[in-house]
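Both chains come to you apart, so use the hints to assemble them.
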Amino acid sequence: MQKAQLNWIKGLCLGLLALVFFVGCGKDSQPTKEEDSNAIDRKALLANLADNIIVPAYADFKLKFDVMLAKSDAFAAQPNNANLLALRTAWQEAYITWQKVELFDFGPGQTFAIRSQFNIYPTSETVIQSNITSGTANLDLPANYAAQGFPALDYLINGVANSDAEIVTYYSTGADATKRVNYLKKVIAQMNTTFTSVYNAWEGDFAETFKSKTAIDAGSSTSTLINGFVLNYERYIRSGKIGIPAGVLTPGTTFPEKVEAFYKKDLSLTLAKTAQQASFDFYNGKAYNANTTGYSIKSYLTSLGAKDATSGKLLADIIAEQFEACARKLDALNNNLNSQVINNNQPMVDAFNEMQILVKLLKVDMTSAMSITISYTDNDGD
Amino acid sequence: MLKAYLNKTQHAAPLAIFRIVTGCMLFLSILRFWSNGWIYELYIKPKFFFSFYGLEFIKPLGNYTYLLFAICAVSAIFVAIGWYYRQASVLLFASFTYIELMDKSTYLNHYYFISLVLFIMMFLPAERYFSVDAHQKKEKQATFIPKWNTDMLKLMVFILYFYAGLAKLNSDWLFHALPLKIWLPARNQTPIIGGLFNYEITAYVFCWVGCLYDLSIGFFLWNKKTRWFAYLSVVVFHGLTAVLFPIGMFPYIMMATALLFFSANFHLKIINYLSKIFKIPENRFNTNKIFNYSPLQQKSLVALFTIFLALQLLIPFRYMLYKNELFWTEEGYRFSWRVMLMEKAGYAQFTVKDDTGKAEVVNNQEFLTLLQEKMMSTQPDFILQYAHLIRDTYTERGYKNPQVYGDVYVTLNGRLGQIFVDPKVDLAKQKDTFAPKSWILPLNDEIKGF
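Sequence order for the protein chains is L and S. Just so you know, we're using my numbering here: the first sequence kicks off at 1 and counts up by one. Just so you know, we're using my numbering here: the second sequence kicks off at 1 and counts up by one.
One chain only, chain S, in its complex shape (with noise of 0.2 Å):
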């Protein structure tokens, strides 16, 4: 059954304008990042970079930086064009990877997202079709792919959708509508539909239909016959999330991504008019030929991806290792799906001391910068790298075997705050490890649910 599906074929078209859509999105997402100075802002004036677990050796690279983000939007746009497009796919990947690995400060769901797209790009024939290399060699045009070649990456969009509506299924949004009843009031003005932000049912409702929204629309996505409702309720939904809050290129990408699901006829039009203003001639690259991957390619990739899926569906659970409260201590939060379900805030001071009496309250700004800090204050893996860095800066100061103790003060959701940290014990000491972190005081509440 599972050779039968894997000799499954479907036109090309749906793959091809994916990779035109993904690297034109991605090259105006760089361009953006560029203009806003975002680079300078985030990547080379902070002083200490918040490094992923393992992942130390990536950092940015002083003022060559710039030239892995001139690097990122060239091969976004040589893959969009379908030009050298296995080296630029891999290119993308590597750079934009590596980018989103510099400092875990500016982590998002939705670039993790565009990271997992762009790595299972690297091995799809996206450019045997209606792009630059197959305009160049005509023996590598090929009208009719793999039909699991877009199944995945449609699996990967659903995956986002269902994990995110799992992670929905919680005390504090469902039965409180949290944390959209503090954001709502707060966007009162918006035009048209502000007025209803004032009532705390909204919030409610906004919290049930995004649920829903998020665990059902894979499914009518998928569905031919609720297609065209499934992309009506994409764009609405992901337009208002625009309008309401600041989360970028997201929204966009969302629907651009979508469109993946559309039949291969659909994409042929859109093929046909972009044909029309490039003057590409009608049929350029319809040559009916089939791509095949090698045996042994076959093989590799079935086993590849199927770890690859399997790790997709485990990676967002592995939060049940650990016994502590998830939104309070994020110990397994990332890389889940959890997208807009906490407000939370934090104040954390630290104050470092050694054996001969020496004694100081750390000034973060000296070390962070405003977004490092808001980052640090509340979540437990940060405050232990930061107090690290701390024990080390005062070592080189001359403090003899430093100790670092933490006074933070954390409010999640609209609880009034609590002590984070057990304000006793040196942090100085403590390893970082994948372990339950035992100085996170518990939160004085539960949250039920994924």
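Just chain L, same shape as in the assembly (with noise of 0.2 Å):
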């Protein structure tokens, strides 16, 4: 007995030692990861969302703000019909592009709070008005963070009064003219300055830094891009997009007037699409500029094997599918969600549950299959 015991003990070491050696060994003959979408291998998953999505799409996004700063300071500098017409087609250009970076919620966009400043609404007129009032307001304090970004602007362009002709008046005549295009411009000048710190750090090191970080502890690339990503499709697409407006969160009661540019009207829905568009990019790892894709987190998922017990479908096709389906579902609404909300505000709670189903399928089934930490402390796995 106890010589079995022995020997039992001798085989468990000699096994391991066997496994270091295999290992040894067994890493000169591992697939070359280049061309192989079935290697686990998030090095490749990181290169080329860092490479091919998220630092082309903040280019992107340069370009169009680039227009909007140039267009506003022709606004502030003369306030008339035609310079506000092209500040409010800038304006556009640049909310809707906005929405293919904004999923970015990790890394440099996290660290500057860069969402805080520049999407957060219904704005508030009351603490824009004080802000114009007061002309010193310090647009870093998150008590401004609804008073300033692309609703404040919305509001500032489109709602400040009711024809295009008393705008440009709000603007050019009266005692308080002045301090409201300083308002204008000081919006502009934070987002400008909040924009920049986050496209120079991506522009800069950290687009190396994001990649070399292939652990998936809390803190790597992985962990923080995921959690990034889905909650930024829970919180800000399907709930502050379509759930909130729709009162799905307040059974019985629904609030047309918070739906994203509110001023605009005929955008939100663009802007709603365009975002669930570029997550489904993003999923897929579709270059933003070709229409390629990469190894992307479908790749990751599809890699790890992850699937239905039952019917043997894998997690990351179950997962397409039902983009396409909410995408469907958005198809299915009027391009002026505050009239939808308005007239006939079921198609808007269909298109929430629908995305309920995604949120689930994002935030439980796939950070599961990807061992993906959202805790910072200790655990003992159960």
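Don't take every hint at face value.
[Said to hold, decoys possible] No farther apart than 25 Å at their CA atoms in a straight line, the calculated lysine-lysine pairs in the BS3-like style are these:
hint: 1; chain 1: S; residue 1: K104; chain 2: S; residue 2: K429
hint: 2; chain 1: L; residue 1: K313; chain 2: L; residue 2: K62
hint: 3; chain 1: S; residue 1: K323; chain 2: S; residue 2: K431
hint: 4; chain 1: L; residue 1: K258; chain 2: S; residue 2: K353
hint: 5; chain 1: S; residue 1: K400; chain 2: S; residue 2: K431
hint: 6; chain 1: S; residue 1: K137; chain 2: S; residue 2: K353
hint: 7; chain 1: S; residue 1: K45; chain 2: S; residue 2: K59
hint: 8; chain 1: L; residue 1: K258; chain 2: S; residue 2: K358
hint: 9; chain 1: S; residue 1: K147; chain 2: S; residue 2: K59
hint: 10; chain 1: S; residue 1: K448; chain 2: S; residue 2: K353
hint: 11; chain 1: S; residue 1: K448; chain 2: L; residue 2: K307
hint: 12; chain 1: S; residue 1: K448; chain 2: L; residue 2: K313
Everything labelled a hint here was simulated from the structure, so no lab data went into it.
If you want it as structure tokens, here you go:
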């Protein structure tokens, strides 16, 4: 008996040694990762997302943002109808493109709290008005998050008066005109400062840092990007754009005035669809500037072999199909979500319910299959 | 025969070393906990705490929680050096156990293990040798102590491993290599062995070796001939888990605890070594006196530890009183040495409404921390406690007889997620008891085994 035990232990030790040896050798015989989309390869994942999606997306946003910056300077220098229309077009282009970068809620985007300064809505007319009057508002303060960014600009160029002529007057005549122009400039300047920080970080060292953190513990790139991506979809696409205005979180009451781009009216659905598509493209690893796809979250999930045990269907495909189902529900909506909620809210609720299914797949099934940690303390797995 | 066994003696050195090691380890654990900011994060910041059933009076003490940890740390040091050992060991057990019972979101099996060990330690003469107490009072010294003292501790280690091994005898672990099949590929960047984790076979090897290890290690440690090999495998096994998983101090505690199995000579060597460092004259503590409990003490302790052991052997099997799938409902899951068996994740959202037509989807962040929400979303007893918190809070907010409905979605060991809680059941009306919870929907699968 004892001898047998001894042999068993010896066997175990030998086995472990063999294991270590096997690894040493195994390293060389591993498939080279470049072309192999079946490999469990976070390095390829991070490289594709950073090089082909995130950096080009920020670069594109910078183009659109700089146009908006120039147009706002022109309008500030000379508030007239033509300059207002030009600013408005530039604002709209930039706002749409913003939807393609808002989901990067990790790394510099998170560090500089860019979303909080770019897209908190509904914007607060009261705070904006008092900021205009005082002229000294500190836009870094969270109390001012709802008085800046795209939603504040929406109010400032679409909502301060009923007609374009009156809006031009608002900035060109009267005692407060200068203060108003100054606040418009201040909002844009704040956005410029914050975005420049984020942009410079990605253009600088951050992309390399991001690509090199290939572990999966809390704080690793994969973990933070998945957390940021899922959070963005859950809270800022599903709830923010659809659920909250539709009153899903407050059964019996709707909030049509809480739609995105409330003052512009007909832009809200475009923004929602753009954000939905950007999330899907990010999931698929689709290049920002081309029609090609690279190693993606979807590839990674596929390589892990996560599937529904009963049907044998890949989780990666189940999620992709759900993204498409959500897009179809958005297609059924009116361009103006505000009037959609007021006149026929049910399609909004339907869209939310479809997105809710996707949130569960992303937040529960996907993160679990990837073994993504969201906790910061120890656990023993139970 | 029992009497003969109880009268057997052994050298006091192993227990003294165990006392020192345990005290130091706990002191370091508390220090680490404190410096990571976890006291604030886990026990002061949250607005709500998930009490253990029947122990609702055990709660964090606001800012005094720091004092509680300080008491725990200081008493750990006193235990380590064996100064006022009686008082310090009671204080250490009480403070440590109180801390672990404040919020079950932080429940870990190894904390439970430590509480049990500290409980046993309160009754052992661990301060009679190589301690400040023995140094100060010569009449308290003893070189020999009852053999059952360390056997009791070894038995606890044995139970921990053996039951952890039994728990691995299930179809998910053995035949599907779950959850390791999920966890290992995520760690494929681990130096040297990481590449192996890309292959599914590795997860199977780890599962089977891990199970055999847990079931057999107790025997091998106990047996003199296999002890060194067994200890080596303890170091390799726990070393590996320390590298792979965020399990904190646990691997090191087990490595240190397993030293207990070594002979008195081995421990005397350590003591000689320590004596040199601290310039303690050799043979300072070697009086050759034998420590004996009084007959009354002996009788009481035999009764106490018989009950204790019986409970230890039975408690892990209480899950058999429940019909539902253990991993799914977790009825009878804790306090059973079930470690690393599940990859479970969930999503839980609650709607509260009342007769007057008021309704709202509850924002979990208003009440729970990230960790609490994560724990709550997969464990039915948490879900019910939380539903009751919602009920009570919304009653205060003017809801009349609020009803609480859950939209809870859970995935277990890679199965596609499914609805966890019957969405039609008003959780506000469900009572929190040990009875089976009928409102948990059954898992669409079966996990065979222990």
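Do the hints match the structure? See the list:
1. S/K104 / S/K429: Given that 25 Å is the threshold and the Cα spacing comes to 23 Å, the pair holds.
2. L/K313 / L/K62: violated (40 Å)
3. S/K323 / S/K431: holds (19 Å)
4. L/K258 / S/K353: holds (23 Å)
5. S/K400 / S/K431: holds (19 Å)
6. S/K137 / S/K353: Violated, at roughly 68 Å.
7. S/K45 / S/K59: holds (13 Å)
8. L/K258 / S/K358: Holds - the C-alpha atoms of S/K358 and L/K258 are around 20 Å apart, at most 25 Å.
9. S/K147 / S/K59: Not satisfied, since the Cα-Cα distance of roughly 38 Å exceeds 25 Å.
10. S/K448 / S/K353: Status violated; Cα separation ~40 Å.
11. S/K448 / L/K307: holds (21 Å)
12. S/K448 / L/K313: holds (24 Å)
Consistency with the previously given hints fails for numbers 2, 6, 9 and 10, ordered from lowest to highest.
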